[in-house]
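Undergrad: Quick note, the sequences are listed as chains A and B, same order. Counting with our numbering, you get residues 1 to 145 for the letters of the first sequence. Counting with our numbering, you get residues 1 to 270 for the letters of the second sequence.
In short, the hints are calculated from the structure, not lab data. Since the structure is predicted, the reported quantities are computational estimates derived from the model, not experimental observations. One or more of the hints may lead you astray.
Here are the simulated lysine-lysine pairs, DSSO-like style, with alpha carbons at most 30 Å apart [unchecked claim]:
{"no.": "1", "chain 1": "B", "residue 1": "90", "chain 2": "B", "residue 2": "172"}
{"no.": "2", "chain 1": "B", "residue 1": "4", "chain 2": "B", "residue 2": "72"}
{"no.": "3", "chain 1": "B", "residue 1": "256", "chain 2": "B", "residue 2": "214"}
{"no.": "4", "chain 1": "A", "residue 1": "64", "chain 2": "B", "residue 2": "16"}
{"no.": "5", "chain 1": "B", "residue 1": "177", "chain 2": "B", "residue 2": "233"}
{"no.": "6", "chain 1": "B", "residue 1": "214", "chain 2": "B", "residue 2": "177"}
{"no.": "7", "chain 1": "B", "residue 1": "16", "chain 2": "A", "residue 2": "63"}
{"no.": "8", "chain 1": "B", "residue 1": "239", "chain 2": "B", "residue 2": "214"}
{"no.": "9", "chain 1": "A", "residue 1": "63", "chain 2": "B", "residue 2": "239"}
{"no.": "10", "chain 1": "B", "residue 1": "233", "chain 2": "B", "residue 2": "244"}
{"no.": "11", "chain 1": "A", "residue 1": "64", "chain 2": "A", "residue 2": "111"}
{"no.": "12", "chain 1": "B", "residue 1": "16", "chain 2": "B", "residue 2": "239"}
{"no.": "13", "chain 1": "B", "residue 1": "41", "chain 2": "A", "residue 2": "111"}
{"no.": "14", "chain 1": "B", "residue 1": "233", "chain 2": "B", "residue 2": "214"}
{"no.": "15", "chain 1": "B", "residue 1": "214", "chain 2": "A", "residue 2": "111"}
{"no.": "16", "chain 1": "A", "residue 1": "91", "chain 2": "B", "residue 2": "72"}
{"no.": "17", "chain 1": "B", "residue 1": "172", "chain 2": "B", "residue 2": "214"}
{"no.": "18", "chain 1": "B", "residue 1": "233", "chain 2": "A", "residue 2": "45"}
{"no.": "19", "chain 1": "B", "residue 1": "72", "chain 2": "B", "residue 2": "41"}
{"no.": "20", "chain 1": "A", "residue 1": "63", "chain 2": "B", "residue 2": "4"}
{"no.": "21", "chain 1": "B", "residue 1": "90", "chain 2": "B", "residue 2": "41"}
A partial selection of chain A residues facing chain B, derived with a Cβ cut-off under 8 Å [claimed, not checked]:
{"no.": "22", "residue": "1"}
{"no.": "23", "residue": "14"}
{"no.": "24", "residue": "15"}
{"no.": "25", "residue": "90"}
{"no.": "26", "residue": "93"}
{"no.": "27", "residue": "108"}
{"no.": "28", "residue": "109"}
{"no.": "29", "residue": "121"}
{"no.": "30", "residue": "123"}
All C-beta atoms, glycine included, are put in the ideal place defined by N, C-alpha and C.
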Amino acid sequence: MIIGTHRDIARYAGSIPSTNEIEAFITGSEMPPFDKWVQINGRLKVIRLNTFNEAHTNFEYHKKNIDFHYVLKGHDNMLVAVGDAGLDAVKSYDSNDDYGLFEPREDVTIKLSAGQWICLLPGELHRNFFAEPTEKLVFKILVDG
Amino acid sequence: MAEKVIACVIARTVSKRLPLKILRAINPEHSMIGFLIERLKRVSSIDDIVICTSVESVDDILEDVAERHAVKIYRGSPDNVLERMLQVGKRENANILLRITGDNPFTSTEFIDEQIRFLRSENLDYVRVIDVPVGATAEVMKYNALEECSRSMDPSVSEYLMLFMFEPRKFKCGVIKPFPRDASNVSITVDTPNDLQRNKQILSAYVEDSLSLKLIDILRIIDEQDVPFSYIKPSGQIKLPYGKTVDFEEFLADMKRRITNSTYLQLYEN
Chain A
1 MIIGTHRDIA
11 RYAGSIPSTN
21 EIEAFITGSE
31 MPPFDKWVQI
41 NGRLKVIRLN
51 TFNEAHTNFE
61 YHKKNIDFHY
71 VLKGHDNMLV
81 AVGDAGLDAV
91 KSYDSNDDYG
101 LFEPREDVTI
111 KLSAGQWICL
121 LPGELHRNFF
131 AEPTEKLVFK
141 ILVDG
Chain B
1 MAEKVIACVI
11 ARTVSKRLPL
21 KILRAINPEH
31 SMIGFLIERL
41 KRVSSIDDIV
51 ICTSVESVDD
61 ILEDVAERHA
71 VKIYRGSPDN
81 VLERMLQVGK
91 RENANILLRI
101 TGDNPFTSTE
111 FIDEQIRFLR
121 SENLDYVRVI
131 DVPVGATAEV
141 MKYNALEECS
151 RSMDPSVSEY
161 LMLFMFEPRK
171 FKCGVIKPFP
181 RDASNVSITV
191 DTPNDLQRNK
201 QILSAYVEDS
211 LSLKLIDILR
221 IIDEQDVPFS
231 YIKPSGQIKL
241 PYGKTVDFEE
251 FLADMKRRIT
261 NSTYLQLYEN
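Given the sequences, and given the hints that come with them, work out the whole structure.
TA: Shown next, in the form of structure tokens:
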């Protein structure tokens with residue numbers, strides 16, 4: 001995982017794909033409707049989420065996409081697993097959805113405020129916990145496929 | 001005039017086995033490279049810290065890392081580590097250089113003052129800590145010795161600088177043994193996702209101020225928690241210049257030859 005603030009996004013242009021497009025989307029566009037994926041280009045899509053009091057128990061992971069979570073309002077508690085050694089899969093990886101689930105385990109909590117982001121690279125196990133009304137954008141950056 | 005000591009943090013964002021590894025968070029507060037830099041800042045003998053990276057755009061973000069942590073940055077050859085270190089030494093007018101790589105966040109900063117003192121007192125060219133895990137020792141060297149090394153060294157293999165500088169046949173080398181245990185079969189370097197997981201587990205088990213983590217704590221946590229991916233198999237392969245590899249045991253035998261012919265300092269009583 002890589003953590004940053006709004007001012008950092010474009011600085012990752014050389015090292016994380018599509019960060020220029022993400023930065024332009026956040027600063028320039030009207031926000032998309034809630035809960036609906038919007039395809040920005042062939043390798044980048046975004047969804048706007050509005051969540052509260054929701055906790056995901058299991059850890060999800062992806063193999064083909066980088067997840068880029070950008071907080072618009074409130075606080076997003078991102079729980080990231082310390083590792084995946086010896087974990088049992090709750091849902092085996094589905095390459096069509098680029099999605100798999102692992103059982104809960106020890107984790108660290110990253111509390112993100114509005115204007116902050118977390119980038120989860122392929123294979124990094126993560127889950128969310130929202131303790132207050134939170135609005136965020138989740139970008140999926142296709143890096144393999 | 002006092003000798004100037006510069007810590008060169010050798011860092012690139014590209015990595016085949018763990019892309020962007022040095023930027024990845026090792027705990028909620030720090031990226032791997034940020035953690036390393038903040039630990040180095042606590043070493044009193046170091047005058048300045050310089051991130052030594054490449055001119056390539058993939059490493060642009062390290063400008064931001066340098067700014068955030070208020071350290072200097074030098075951008076030079078993508079492949080020639082030696083060139084980057086020599087340029088930094090020249091620009092900073094340094095007498096002593098430290099080579100620390102960004103993928104070693106657990107570099108044992110607690111021994112650096114002693115390494116520098118030993119280099120000065122014995123008028124050595126190069127000092128490292130021995131019988132410690134892979135990824136634990138900083139390398140301390142005289143700028144002049146590095147310059148001399150560069151004259152006879154193929155720059156394309158400068159990633160393996162240790163093999164050329166830690167050579168008692170050519171340089172006055174010194175070694176420091178910090179404790180009786182030989183922990184050279186342990187690894188705390190980060191090359192793969194499993195390595196990162198191991199270091200995160202170690203750090204999450206350390207309840208004090210994370211930046212104060214010492215090698216003795218790391219070894220204790222590895223032992224107590226049986227932390228996975230901590231031990232190197234004797235049959236494990238060590239990479240050498242020009243695509244060659246050698247068994248870890250064979251590599252240790254060669255290191256023993258170098259150690260035996262170096263000036264020795266022990267930090268504990270028998």
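Undergrad: Which of the numbered hints are not met once you compare them with the structure shown?
TA: 16, 18, 20, 25 and 26
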